[in-house]
Amino acid sequence: QKEVEQNSGPLSVPEGAIASLNCTYSDRGSQSFFWYRQYSGKSPELIMSIYSNGDKEDGRFTAQLNKASQYVSLLIRDSQPSDSATYLCAVSSSASKIIFGSGTRLSIRP
Amino acid sequence: NAGVTQTPKFRILKIGQSMTLQCAQDMNHNYMYWYRQDPGMGLKLIYYSVGAGITDKGEVPNGYNVSRSTTEDFPLRLELAAPSQTSVYFCASSDHIRTGTTDTQYFGPGTRLTVL
Chain A
1 QKEVEQNSGP LSVPEGAIAS LNCTYSDRGS QSFFWYRQYS GKSPELIMSI
51 YSNGDKEDGR FTAQLNKASQ YVSLLIRDSQ PSDSATYLCA VSSSASKIIF
101 GSGTRLSIRP
Chain B
1001 NAGVTQTPKF RILKIGQSMT LQCAQDMNHN YMYWYRQDPG MGLKLIYYSV
1051 GAGITDKGEV PNGYNVSRST TEDFPLRLEL AAPSQTSVYF CASSDHIRTG
1101 TTDTQYFGPG TRLTVL
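Line by line, the protein sequences give chains A and B.
Going by the working numbering, the final residue of the first sequence carries number 110, and the count climbs one at a time with no gaps.
Going by the working numbering, the final residue of the second sequence carries number 1116, and the count climbs one at a time with no gaps.
It is possible that some hints are incorrect.
Unchecked claim - Straight-line Cα separation of at most 27 Å, DSS-like style, residue types lysine-lysine; simulated pairs:
| hint | chain 1 | residue 1 | chain 2 | residue 2 |
| --- | --- | --- | --- | --- |
| 1 | B | Lys-1014 | B | Lys-1044 |
| 2 | A | Lys-97 | A | Lys-67 |
| 3 | A | Lys-56 | A | Lys-67 |
| 4 | A | Lys-67 | B | Lys-1014 |
| 5 | A | Lys-2 | B | Lys-1009 |
| 6 | B | Lys-1014 | B | Lys-1057 |
| 7 | A | Lys-67 | A | Lys-2 |
| 8 | A | Lys-42 | A | Lys-56 |
| 9 | A | Lys-67 | B | Lys-1009 |
| 10 | A | Lys-97 | B | Lys-1057 |
| 11 | B | Lys-1044 | B | Lys-1057 |
| 12 | A | Lys-97 | A | Lys-2 |
| 13 | A | Lys-56 | A | Lys-2 |
| 14 | A | Lys-67 | B | Lys-1044 |
| 15 | B | Lys-1044 | B | Lys-1009 |
| 16 | A | Lys-42 | A | Lys-67 |
| 17 | B | Lys-1057 | A | Lys-56 |
| 18 | B | Lys-1044 | A | Lys-97 |
| 19 | B | Lys-1009 | B | Lys-1057 |
| 20 | A | Lys-42 | A | Lys-2 |
| 21 | A | Lys-97 | A | Lys-42 |
| 22 | A | Lys-56 | B | Lys-1009 |
| 23 | A | Lys-2 | B | Lys-1014 |
For the record, the hints were derived by calculation from the structure and aren't laboratory data.
Make a model of the complete structure from these sequences and hints.
Okay, structure coming up:
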């Protein structure tokens, strides 16, 4: 079992709709959870971080964390073509250990 | 602030050659990391450092070495390059505010390395 699992996609969503990205993790001791966006040929950039159960909203983005189910998700409302990218889920259980998923490729179709 | 900078952007090596990938940050972050990313894959941690003079192995350290003589710089050394080291290499840094867990990492632009 992979430590951090994501559906590789591609996930195709019409412009203006909600995109839902999911991630599961295996280490119950995990404390920090991140969503990074990576455009093709570019470096990852942080979209959201979440540390406690529940929802965290930032503009069009909402991160949801459920530690009991070992599940973290990212919702993107009013999807735009510029949201087309690969989204990496990252999970940390210590100051040095951070595990990245393989990423979900998101495509927003006009 | 330049953030995290990496040089070179691209490099082609022959099997058996050696090289150093440079990484520098100007955010006064204590934590620095080296990752490699193979096509269609996530990031795998090669080495990390929690401060000047302190380094430790990550998930895939074989074939690499690092040093951290200053807070700003964290070079990655490849000895005896092999085709399996063909990848994109990212350096990252983070502050350390939260105890016992990782804070947000800021990534450099990457170095695309091909070993032929």
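Results for each hint:
no.	hint	verdict
1	B:Lys-1014 x B:Lys-1044	holds, 23 Å
2	A:Lys-97 x A:Lys-67	holds, 18 Å
3	A:Lys-56 x A:Lys-67	holds, 14 Å
4	A:Lys-67 x B:Lys-1014	violated, 47 Å
5	A:Lys-2 x B:Lys-1009	violated, 31 Å
6	B:Lys-1014 x B:Lys-1057	holds, 25 Å
7	A:Lys-67 x A:Lys-2	holds, 17 Å
8	A:Lys-42 x A:Lys-56	holds, 26 Å
9	A:Lys-67 x B:Lys-1009	violated, 39 Å
10	A:Lys-97 x B:Lys-1057	holds, 11 Å
11	B:Lys-1044 x B:Lys-1057	holds, 12 Å
12	A:Lys-97 x A:Lys-2	holds, 15 Å
13	A:Lys-56 x A:Lys-2	holds, 26 Å
14	A:Lys-67 x B:Lys-1044	holds, 24 Å
15	B:Lys-1044 x B:Lys-1009	holds, 19 Å
16	A:Lys-42 x A:Lys-67	violated, 31 Å
17	B:Lys-1057 x A:Lys-56	violated, 33 Å
18	B:Lys-1044 x A:Lys-97	holds, 11 Å
19	B:Lys-1009 x B:Lys-1057	holds, 24 Å
20	A:Lys-42 x A:Lys-2	holds, 25 Å
21	A:Lys-97 x A:Lys-42	holds, 23 Å
22	A:Lys-56 x B:Lys-1009	violated, 36 Å
23	A:Lys-2 x B:Lys-1014	violated, 33 Å
Figure legend: structure checked against the earlier numbered hints; hints not met, in rising order: 4, 5, 9, 16, 17, 22 and 23.
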